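K.L.:
Residue-level listing of the chains:
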Amino acid sequence: MQTTSKKVITRDEWEKRLSDVKVRKQDMNKLVMNFLVTEGYVEAAEKFRMESGTEPEIDLATITDRMAVKKAVQSGNVEDAIEKVNDLNPEILDTNPQLFFHLQQQRLIELIRNGKVEEALEFAQEELAPRGEENRGFLEELERTVALLAFEDVNNCPVGDLLDISQRLKTASEVNAAILTSQSHEKDPKLPTLLKLLTWVQNQLDEKVSYPRINDFSTAMLEDPAV
Amino acid sequence: SSPNMPTSAPSNHSSRPEDLIGKLNSAITPYEAKLKALRDLKNQIIGNRTKKLAFLKLGAVPSVAAILSDAAAAEGSGGDAWELHDSVLIQSAAAIGSFACGLDAGVKAVLDVGAFPLLLSLISHANDKVVDAGARSLKLIYQSKLAPKYDFFQEKNMEFLLSLLNSENENVTGLGASIIAHSCQTTAEQQSLSEVGVIKKLVSLLGGSLLQRDASLESLSAIIRDNQEVASKFVGTDNGKALNVMIELTKDKYSRTRLLACMCLISIRNTVSPYLQDLGIKNNLVITLLDLLDDPGQVGDESPFVFSSLITEKEDMQKLAFDANAVERMLEHLKKGSFHGKRLQGILLALADLCSKLECCRDRVLHLKVFDFAIDALAHDSAEVRTAACIFLKNISRSVKNLSAGYFMNETVILPLVQLLCDSCTSVQISALRAISNVVVDFKPHKSLFTQSEGVKHLVLLSKSMESAIRINAVCALKNLMFLANNRCKEEILLELTTSTLASLISDPEAAVQEQALAFVRNLISGTLNSIEYVFGEDDLLLHAIGRQLRSSYAYEVLIQGMYTLSNVASGNEFHKEAVMNQLFPSAGNETESILAKFLQSTDNRLRTAAVWTIVNLTFPSSPGACGRVSELQNAGIISMLKNMTNDPCLDVKLRVRMVLGQLLIFGDAST
Numbered sequence: 001m002q003t004t005s006k007k008v009i010t011r012d013e014w015e016k017r018l019s020d021v022k023v024r025k026q027d028m029n030k031l032v033m034n035f036l037v038t039e040g041y042v043e044a045a046e047k048f049r050m051e052s053g054t055e056p057e058i059d060l061a062t063i064t065d066r067m068a069v070k071k072a073v074q075s076g077n078v079e080d081a082i083e084k085v086n087d088l089n090p091e092i093l094d095t096n097p098q099l100f101f102h103l104q105q106q107r108l109i110e111l112i113r114n115g116k117v118e119e120a121l122e123f124a125q126e127e128l129a130p131r132g133e134e135n136r137g138f139l140e141e142l143e144r145t146v147a148l149l150a151f152e153d154v155n156n157c158p159v160g161d162l163l164d165i166s167q168r169l170k171t172a173s174e175v176n177a178a179i180l181t182s183q184s185h186e187k188d189p190k191l192p193t194l195l196k197l198l199t200w201v202q203n204q205l206d207e208k209v210s211y212p213r214i215n216d217f218s219t220a221m222l223e224d225p226a227v
Numbered sequence: 001s002s003p004n005m006p007t008s009a010p011s012n013h014s015s016r017p018e019d020l021i022g023k024l025n026s027a028i029t030p031y032e033a034k035l036k037a038l039r040d041l042k043n044q045i046i047g048n049r050t051k052k053l054a055f056l057k058l059g060a061v062p063s064v065a066a067i068l069s070d071a072a073a074a075e076g077s078g079g080d081a082w083e084l085h086d087s088v089l090i091q092s093a094a095a096i097g098s099f100a101c102g103l104d105a106g107v108k109a110v111l112d113v114g115a116f117p118l119l120l121s122l123i124s125h126a127n128d129k130v131v132d133a134g135a136r137s138l139k140l141i142y143q144s145k146l147a148p149k150y151d152f153f154q155e156k157n158m159e160f161l162l163s164l165l166n167s168e169n170e171n172v173t174g175l176g177a178s179i180i181a182h183s184c185q186t187t188a189e190q191q192s193l194s195e196v197g198v199i200k201k202l203v204s205l206l207g208g209s210l211l212q213r214d215a216s217l218e219s220l221s222a223i224i225r226d227n228q229e230v231a232s233k234f235v236g237t238d239n240g241k242a243l244n245v246m247i248e249l250t251k252d253k254y255s256r257t258r259l260l261a262c263m264c265l266i267s268i269r270n271t272v273s274p275y276l277q278d279l280g281i282k283n284n285l286v287i288t289l290l291d292l293l294d295d296p297g298q299v300g301d302e303s304p305f306v307f308s309s310l311i312t313e314k315e316d317m318q319k320l321a322f323d324a325n326a327v328e329r330m331l332e333h334l335k336k337g338s339f340h341g342k343r344l345q346g347i348l349l350a351l352a353d354l355c356s357k358l359e360c361c362r363d364r365v366l367h368l369k370v371f372d373f374a375i376d377a378l379a380h381d382s383a384e385v386r387t388a389a390c391i392f393l394k395n396i397s398r399s400v401k402n403l404s405a406g407y408f409m410n411e412t413v414i415l416p417l418v419q420l421l422c423d424s425c426t427s428v429q430i431s432a433l434r435a436i437s438n439v440v441v442d443f444k445p446h447k448s449l450f451t452q453s454e455g456v457k458h459l460v461l462l463s464k465s466m467e468s469a470i471r472i473n474a475v476c477a478l479k480n481l482m483f484l485a486n487n488r489c490k491e492e493i494l495l496e497l498t499t500s501t502l503a504s505l506i507s508d509p510e511a512a513v514q515e516q517a518l519a520f521v522r523n524l525i526s527g528t529l530n531s532i533e534y535v536f537g538e539d540d541l542l543l544h545a546i547g548r549q550l551r552s553s554y555a556y557e558v559l560i561q562g563m564y565t566l567s568n569v570a571s572g573n574e575f576h577k578e579a580v581m582n583q584l585f586p587s588a589g590n591e592t593e594s595i596l597a598k599f600l601q602s603t604d605n606r607l608r609t610a611a612v613w614t615i616v617n618l619t620f621p622s623s624p625g626a627c628g629r630v631s632e633l634q635n636a637g638i639i640s641m642l643k644n645m646t647n648d649p650c651l652d653v654k655l656r657v658r659m660v661l662g663q664l665l666i667f668g669d670a671s672t
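If you read the protein sequences in the order shown, they are chains C and R. Numbering (full-length UniProt numbering) for the first sequence: 1 to 227. Numbering (full-length UniProt numbering) for the second sequence: 1 to 672.
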């Protein structure tokens, strides 16, 4: 069986077709604003609003509060973060057992990181163990976390990944999402979705046509089709 | 071991519950310090059930409520302290709300201390944050069953409710909807809410924030439930657009919204049948709910229950679900294991519903070995799970094919079920009895596995229970055990039960027990000829009991079983037939109509049939004494009654009547 060779579209042709597609400026502005707001870049959002006249979908003041929480977690000040969330909306932690557990878990991790072993033990006993009792689903993670206390060299033990900054970021992201949800806002920005769609579409098109692809999203450069 | 590092005292130490409450109660603590203590307390209890209980025990709620009360009373006294006051209002309201969040003990404490009206007063405060705090806490209280019932019939209350729903503040509208979701229970309440235009208001909230949407869905569910008129009104709102909005919400990105939308739609489906019968919608509901099982939280826990409400008693929905691989999906979740008892209970009940009518479902379940999970669940800590497992087993053992293949009559199934007969929880015992009732309808002649497992002993014990529901189901199980049992088995069972117990069960105060006991006897005496002898044991004890019931009972079910039993006795030898005659025509010689005549005139087809069958057996021509019995029947006017029944509307009756008359021809009926 002979495979028919794919149609080839040259860069010129492609660019011509692209220029025929109309995209509205205000749609792009909205996308940018959506990204800034969801990710919590308050000052940038403010400036962008002033310069482009694009209205953010939510009150920028609420972003400030949310960003303060996120920042607190990212800096390891979990107790402070908890207080701020509770000031923002006391229902969030009361109705999100998983999130609350992860914040408590992070508190323990921070205590261990700072070498406060006695405090950590007490905290694990008083605050974390009850979470495991209240909810059997947390037991496994609880055990992993508590295991940190058993090792001399915490950075090189099997559960050492808990001490990574990535763990803080994970927790921060979780609390950010919960706040966004409580404010009825989308927790994910639209931009990544668009890029994912672009990837998928290009993959689909690859099977039929040879055309200038975008391989690097950060530059969005068109690369000549393979001949 | 860690080096001795100077550590700052963690805030926990200086804020032990006792200390905090002490500060709140003390008259000398400065106001700012009280505020700090309040905030501290609040932050300790949010999300922390254990701490909530600890603080509750120490009397935290009255302390906080007292502060709230003082602060609320101090309102309007002006001055610069308003900011401080407002903060105190906010923190104390939030603390109270947290105590009430998901904790009945907390709700009770809050209500007992009179905090409810205080919180209500905050709704009209000038400061939005105070309003938010008050509304949130009230909403949390209303999520509990213990919340005070809202009287919708008082005009002032209805006005207040409407003002809540019309508010700009989403927490306040959420509160209004919560009140409805909690307190709207009766048809009259649904009606009155519908009449003041609440439905339209709630429909508009469907387009609001997440909070408003979810609250609205819950309220609509409550208003619509089982109320045809209101359901129809909703469907007609905005020319059907409201319904479409709700259907769209089943595809919302938030799982809780999807669940609530499904609940509402199912409620409408079940209440006003012409709507939502479209195949696309039915499939959508099935698939949405199956997908919601994936949610790790409360939504996933509740979704199987909602799924059950969609398919229960509805064969077409069960088939749709089966085609959508519901069984496989549920099994996937069972395999994941270790989740709340509630979810396990839900999945077992949903599987039970799936297997309630369709053999294909039962087959699939058995084929995929879902069974083993159910058996394990019989020993679960939670009574609800144990009950659900029994219900599942009961339904799946409706599979005649698998029953007769002996699938269920083995130790793995029987032993745990028998153990549940001694369960501390009545509902578990009853559901175990029902499962056993099905499982023992084994078509193999020996049921020795059951009789050897002390199962009979327990059944007999339960047949003497004070609770009628237990007696009924225990005797039913015994009856089924007796079905097609061999002689040795019958002996063993009757030995354990004793004839006298059986006789007293026949005369039990509950008609349902009498019915099962009589059916038991019916099964007992069927089979070989000498089985009939059982009714003559201990001076005809059982026979007399049967006769007594036939003369005294008014329940059709009892009379039918009794007659069929006599009919079976009458299929025996001469002695047996004569004994039946004696029961039907006691020699008291009074003018009252014989029971046989009464039954022949009954409006119940089945009873007439049973009566005629008895006569068929009594007048069986090849029996020596048949002639004499025919005369007796003639004298009692029975034969002439039969002659008038040759065209009885019931086919069974008609055919048996003609059978009797045919038999009578042999005796030459002189008085035609």
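Check the hints yourself; a few may be wrong.
[As the list claims (entries may be wrong)] So these bits of chain R aren't anywhere near chain C, every CB distance computed over 10 Å: (1) 82; (2) 254; (3) 275; (4) 340; (5) 465.
[Unchecked claim] Calculated pairs, BS3-like style, for lysine-lysine (alpha carbon to alpha carbon, straight line, at most 27 Å): (6) R:251 with C:190; (7) C:170 with R:336; (8) C:84 with R:357; (9) C:196 with R:253; (10) R:129 with C:71; (11) C:190 with R:314; (12) C:170 with R:401; (13) R:36 with C:71; (14) R:23 with C:30; (15) C:84 with R:251; (16) R:357 with R:314.
It is worth saying that the hints were derived from the structure and are not from the lab. Note that the coordinates shown come from a computational prediction; the quantities given were computed from them, not determined experimentally. Glycine is no exception: its CB is placed at the ideal position from the N, C-alpha and C atoms.
K.L.:
Next step is simple, just say for each hint if it's right about the structure.
P.N.:
Hints, verified against the model:
1. Under the 10 Å C-beta cut-off, the non-interface status given to residue 82 (chain R) relative to chain C holds; the minimum distance is some 18 Å.
2. Some Cβ of chain C comes within 10 Å of the Cβ of residue 254 (chain R); the nearest lies about 7 Å off, and the non-interface call is violated.
3. Against the 10 Å criterion, residue 275 (chain R) stays outside the reach of chain C, whose nearest CB is about 29 Å from its own CB.
4. Not every Cβ of chain C is farther than 10 Å from the Cβ of residue 340 (chain R); the closest lies at roughly 8 Å, contradicting the non-interface assignment.
5. Listed as a non-interface residue, residue 465 (chain R) keeps its Cβ farther than 10 Å from every Cβ of chain C; the least gap is roughly 35 Å.
6. Between residue 251 (chain R) and residue 190 (chain C) the CA atoms are separated by roughly 18 Å; this keeps the pair inside 27 Å, and the hint holds.
7. In summary, the hint linking residue 170 (chain C) to residue 336 (chain R) is supported, as the alpha carbons are separated by about 24 Å, within the 27 Å threshold.
8. Note on residue 84 (chain C) and residue 357 (chain R): the hinted pairing is violated, with a Cα-Cα distance of about 54 Å set against a maximum of 27 Å.
9. The suggested pairing of residue 196 (chain C) with residue 253 (chain R) holds, with an alpha-carbon distance near 18 Å, which does not exceed 27 Å.
10. For the given pair, residue 129 (chain R) sits about 24 Å from residue 71 (chain C) by alpha-carbon distance, which is consistent with the 27 Å threshold.
11. Between residue 190 (chain C) and residue 314 (chain R), the direct Cα distance comes to roughly 42 Å. Violation of the 27 Å bound is thereby established for this hinted pair.
12. About 53 Å separates the Cα atoms of residue 170 (chain C) and residue 401 (chain R), which puts this hinted pair outside 27 Å; it is violated.
13. For the proposed pair residue 36 (chain R) and residue 71 (chain C), the alpha carbon gap of about 23 Å is at most 27 Å, so the pair holds.
14. Distance check on the hinted pair: residue 23 (chain R) and residue 30 (chain C) sit about 51 Å apart at the alpha-carbon level, beyond 27 Å; violated.
15. For the hint linking residue 84 (chain C) to residue 251 (chain R), the alpha-carbon distance of about 33 Å lies beyond 27 Å, and the restraint is violated.
16. A threshold of 27 Å between alpha carbons decides the hint, and for residue 357 (chain R) with residue 314 (chain R) the separation of about 9 Å falls inside it, so the pair holds.
Consistency note: the structure conflicts with the earlier hints numbered 2, 4, 8, 11, 12, 14, 15.
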